[in-house]
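*Asks:* What follows is each chain in one-letter form.
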Amino acid sequence: MKLIAVFMMLSLAACSDGPVSLVNEGDIVGDAVPAPLTDSVASIEEGRGIFVERDRGHCILCHQVDGLDAPFQGNVGPDLTGLGARLTPGQIRLRIVDASRLNVDTVMPPYYRVHGMNQVAKEQAGKPVLTALEIEHLVAYLRSLEG
Amino acid sequence: MRHFRWPLIGLLLGALSACGEEPASDSVRETGLAPDTIVSGYAFLTPETQSEQDDDFLNPANLWVDEGGKLFLSETGVSAACASCHGEGDMRLDGAATRYPTIDHASGELVNLEGRINLCRTRHQQADPLEYESEPLLSLTTYVASLSRGQAISTALSTDEQVFYEVGKTYFNTRRGQFNLSCRECHDLNWGKQLRGDTISQGHSNGFPAYRLEWQTLGSLHRRFRDCDAGIRAEPRTYGSADYLALELYLRVRAQGLPMETPAIRR
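Order-wise, the sequence lines are chains Z and A. Everything in the first sequence is counted per this note's numbering, starting at 1 for the first residue and increasing by one. Everything in the second sequence is counted per this note's numbering, starting at 1 for the first residue and increasing by one.
Any given hint could be a false lead.
Unchecked claim - In silico EDC-like cross-links for lysine to aspartate or glutamate, where the CA-CA straight-line distance does not exceed 20 Å:
#, chain 1, residue 1, chain 2, residue 2
1, Z, Lys122, A, Asp243
2, Z, Lys127, A, Glu235
3, A, Lys193, Z, Asp66
4, A, Lys193, Z, Asp105
5, Z, Lys122, A, Glu235
As the list claims (entries may be wrong) - Have a look at the derived ranges for each label pair, beta carbon to beta carbon:
#, chain 1, residue 1, chain 2, residue 2, range
6, Z, Asp105, A, Ser79, 52 to 62 Å
7, Z, Asn75, A, Ser107, 40 to 50 Å
8, Z, Glu123, A, Glu75, 38 to 48 Å
9, A, Thr46, Z, Ala132, 38 to 48 Å
10, A, Ala81, Z, Ala70, 37 to 47 Å
11, Z, Asp31, A, Gly108, 43 to 53 Å
12, Z, Ala70, A, Pro35, 51 to 61 Å
13, A, Asp54, Z, Ala132, 51 to 61 Å
14, A, Glu131, Z, Lys127, 26 to 36 Å
15, Z, Ala70, A, Ile103, 28 to 38 Å
16, A, Asp104, Z, Pro34, 54 to 64 Å
17, Z, Ser144, A, Thr46, 51 to 61 Å
18, Z, Gly116, A, Glu75, 30 to 40 Å
As the list claims (entries may be wrong) - Taking beta-carbon pairs under 10 Å as the criterion, some of the chain Z residues facing chain A (in silico):
#, residue
19, Cys62
20, Asn75
21, Leu102
22, Gln119
23, Glu123
Since the hints were derived computationally from the structure, they do not count as laboratory data. Here the structure is a predicted model, which is why all the values come from computation and not from measurement. Note that CB positions come from ideal geometry on N, CA and C, so glycine has one too.
Next comes chain A alone, as it looks inside the complex (with noise of 0.2 Å):
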């Protein structure tokens, strides 16, 4: 019964967490789905597959923590490791991911996780970035987002970001492909409804990267956008687009606090 009880604890950190943000909007903001209705991905999970994620040893997800976790301290092309700078004091990353994504305050545009990892090696490491969906970027990202497992994903937004989170919800709410279906039919209307063998969640992205048995791997959370466009028969945006990048920020105000759960196991 514990995920019952997290959106309560949720939107208490939520509330927390927003005082401390740079001019940032209330951070209960009109979604699709109604604030005490909110539940994670976890809830729509066997409980066998429950306990797998709760137990550390067994979560396959975790190999990519692992892995990652060891990139993070190995030094990188003629360049430092990304623990010479986030090792310890403020630059440490625990709590980071919730609040990604984010503005790069240097270009003015939206990063998720996967992009300051990126900007952080052509910045500050002389190093290329990693290609989407890479082995590695995968691990360290999963890596930097177990940092901040259990806590409330930010629900805050800057001015500066309320832009990307207005394309978020209308590529989010706008129909497509050719059953002409969009996200909004499927997670604010029809969760808790069967489709075929699969129970619909609310579509949140507290889990991602997220090992999904249906993948057998692990993978980021615009390969599971360009999975459910697909279902839909619509041309899917490619990895890092301004459009999913867009959805994720829109996805990270609707969970409306819901604790991270990287590294998560998905159907």
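Next comes chain Z alone, as it looks inside the complex (with noise of 0.2 Å):
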């Protein structure tokens, strides 16, 4: 047991060396992530409660969609109503792991990426803002609007 304690804890101190990136290069199709971040199912009704949730996603801080019952959204980022008729899913997905990777001066922050940040607050520091999952609702949801 002891062995194997040491021999992980040597190959994650490997991994630290360079960025860690929580989606790899080899995930990222031209500019779309097309598998799943993870093989639970997702919900549409999940996804519309992070998109609007304050504690949560939070998305329309920036973002507005026709019909959907908030007040006051956002936009500072494009309007997102029918957005599943205009992209993929794995589209959406690449946009909300990083757009940065799309766009380097991207106003649109990276919901599941821990590399190449700086001075993150000490509760969240080495942690994505969403998990994989959480992820995968927000994906369901936006495809599901359809115009």
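With the hints as a guide, dock the two chains, each given alone in a separate frame, to form the complex.
*Replies:* Spelled out as structure tokens, the structure:
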């Protein structure tokens, strides 16, 4: 058992050398991450909740969706009404994971990235904003918006 | 509409005041805001809040001006009142706040108004420094800043100040926090847009210390910085930290001569 523990510590240490990316280059195809980040089943309902609620994704800080029952939706980012008709699930996934891969100057925060970050608050250090499953819920919700 | 004329008046005043300064560089500097677009946070308040700010009897920030005025006149510890030096003559403080933060020549350090007040206490009044964000320091700072109300913030930058200015500019433009945003993303590039119910302003300092509706009290500029840093889930710097002082200097120059509005009300 001791040997295994030592081996695990060594391999962890080896990983922390380079940037630790939650999504590897190989998972990105063109401007998309085609494969889901987890096998757990995603829910449109959950996704809508994460999109709206302040203590969860709170995407309406910057985005609006027509017909969504939430006051004061932001407009720093583009209107996401009908997004499911414009982007594939894989394209939506990459934009939530790390939009800076497509536009280095983007204002859209990276929701599933921990490398190359600066001065992150102590409680959040080393953690992505959202979990893999939360992102899958959001993808399910956004792809359901078809016009 | 009054606030839309301010930038012009501010620029004129700024240009005038720059003439009297020691070796100061050109007052119009390269910042992320085009000089002809500059507007105070006042422009983003509701008409009701604007008239509350303009009415000395309704403006809640005046409670701190009154309290600060009393402290200014009262003897401190074993020593004389602020007013014994600054009550009349050359050392009156009208307009002083427009030049802060600035270099303290005795130490070569950058100090803001809070820092200067504490230096006066320790050097000239044999008193202990007041804690940052304590009621007496907020009151004294607000009172002294109110003596510059309506005057243009100084855009002059001495050679000594230059290096601090660059540090502040770098802080402003550096992405940070779990949301990986800088001040620039919001206040240079997206002002006027909606962040939920909030219209993003240009993030000027000219109203501070200000009574913030969200705080239900008056607070310093560094408290405001800490809120913006926390908003993007960055670890905020401490009150009076070198980064925040430098940031404050960058904002003074970036305001391009906007008039001081302390005691202001902000959202």
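*Asks:* What are the numbers of the hints that this structure violates, sorted from low to high?
*Replies:* Structure breaks hints 10, 12, 15, 17, 18 and 21.
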